[in-house]
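Protein sequence lines correspond, in order, to chains B and U.
Here the working numbering runs 41 ahead of the position in the first sequence, where the first position is 1.
Here the working numbering runs 73 ahead of the position in the second sequence, where the first position is 1.
Source of the hints: derived by calculation from the structure; they are not laboratory data.
Given the structure is predicted, the values throughout are model-derived calculations rather than measurements.
Note that the Cβ used here is the ideal one computed from N, Cα and C, for glycine as well.
Accuracy of the hints is not assured; some may be wrong.
What the hints assert, rightly or not - No farther apart than 20 Å at their CA atoms in a straight line, the calculated lysine to any residue pairs in the SDA-like style are these: (1) U/K82 - B/K141; (2) B/K44 - U/M119; (3) U/K113 - B/E98; (4) B/K83 - U/Q138; (5) U/K143 - U/M128.
What the hints assert, rightly or not - Using C-beta positions, here's what the derived DEER-type ranges look like: (6) U/S141 - B/Q42: 22 to 32 Å; (7) B/E86 - U/P81: 33 to 43 Å; (8) U/T152 - B/M87: 30 to 40 Å.
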Amino acid sequence: QQKVQQSPESLTVSEGAMASLNCTFSDGTSDNFRWYRQHSGKGLEMLVSIFSDGEKEEGRFTAHLNRASLHVSLHIREPQPSDSAVYLCAVRNYGGSGNKLIFGTGTLLSVKP
Amino acid sequence: DPKIIQKPKYLVAVTGSEKILICEQYLGHNAMYWYRQSAKKPLEFMFSYSYQKLMDNQTASSRFQPQSSKKNHLDLQITALKPDDSATYFCASSQDIWGGSQNTLYFGAGTRLSVL
Numbered sequence: 042q043q044k045v046q047q048s049p050e051s052l053t054v055s056e057g058a059m060a061s062l063n064c065t066f067s068d069g070t071s072d073n074f075r076w077y078r079q080h081s082g083k084g085l086e087m088l089v090s091i092f093s094d095g096e097k098e099e100g101r102f103t104a105h106l107n108r109a110s111l112h113v114s115l116h117i118r119e120p121q122p123s124d125s126a127v128y129l130c131a132v133r134n135y136g137g138s139g140n141k142l143i144f145g146t147g148t149l150l151s152v153k154p
Numbered sequence: 074d075p076k077i078i079q080k081p082k083y084l085v086a087v088t089g090s091e092k093i094l095i096c097e098q099y100l101g102h103n104a105m106y107w108y109r110q111s112a113k114k115p116l117e118f119m120f121s122y123s124y125q126k127l128m129d130n131q132t133a134s135s136r137f138q139p140q141s142s143k144k145n146h147l148d149l150q151i152t153a154l155k156p157d158d159s160a161t162y163f164c165a166s167s168q169d170i171w172g173g174s175q176n177t178l179y180f181g182a183g184t185r186l187s188v189l
């Protein structure tokens, strides 16, 4: 069973400074990697979905995937206090139904004004 | 306005009782899901439905029974509740069941269940 680990558990950055979050997965059986965020008391919001090695940008959010290293990262450019939330990494296995995802435990991001 | 409505937002139940968690989506999607988030654990896939038919079930216990009376409804009935069932239950939906770069999964705000 695929395992997904996220680091750090929590991260505090100043407004405007780049925020970088990491996610490692345990094997190469996944074909899709996603980043979600969850504001307190709210549902999950998808930020980026990436299928191939390299980079995928969606506005201020950029995901970097390196399958050989079993690693996907999320970089948030010019973070704002409203970006303070829990960020979740999720992976989907080959042959799985479209949205059966395996999630990490999350990184709590705090952005200070 | 939220497009996936989950009711109630909070629920307290006693051990051994039965509860139904409600989910309705107004996105016109064909696939619906339940995920569970227990304290200190990752969000965990439970069920997926496509056109009101069960596609995948990762829940070991038969105490958890999804119910789909309409295409845009997927309720979750939980019987013989145990304290370990305490968690936030998220309903989600997507255009179709099979993944693709455009097949985004949308989540509701969740129902937080506490079993005493």
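Query raised in the report: Between B/E86 and U/P81, does the C-beta distance stay in 33 to 43 Å?
Result: violated, 22 Å
Query raised in the report: Are B/K83 and U/Q138 close enough, with their CA atoms no more than 20 Å apart?
Result: violated, 24 Å
Report task. Take a look at whether the Cβ-Cβ distance between U/S141 and B/Q42 falls inside 22 to 32 Å. Result -> holds, 27 Å
Query raised in the report: Holds or violated: are the alpha carbons of U/K82 and B/K141 at most 20 Å from each other?
Result: violated, 24 Å
**Report entry** Hinted pair U/K113 and B/E98, Cα distance within 20 Å
**Finding:** violated, 30 Å
**Report entry** CB-CB spacing for B/M87 and U/T152 relative to the 30 to 40 Å hint
**Finding:** With a Cβ separation near 32 Å, U/T152 and B/M87 satisfy 30 to 40 Å, so the hint holds.
Query - Hint consistency between B/K44 and U/M119 [alpha-carbon to alpha-carbon, up to 20 Å] - result: holds, 16 Å
Report task. Would you mind confirming whether the straight-line C-alpha gap from U/K143 to U/M128 stays at or under 20 Å? Result -> holds, 16 Å
Hint compliance for this structure: hints 1, 3, 4 and 7 are broken, all remaining hints hold.
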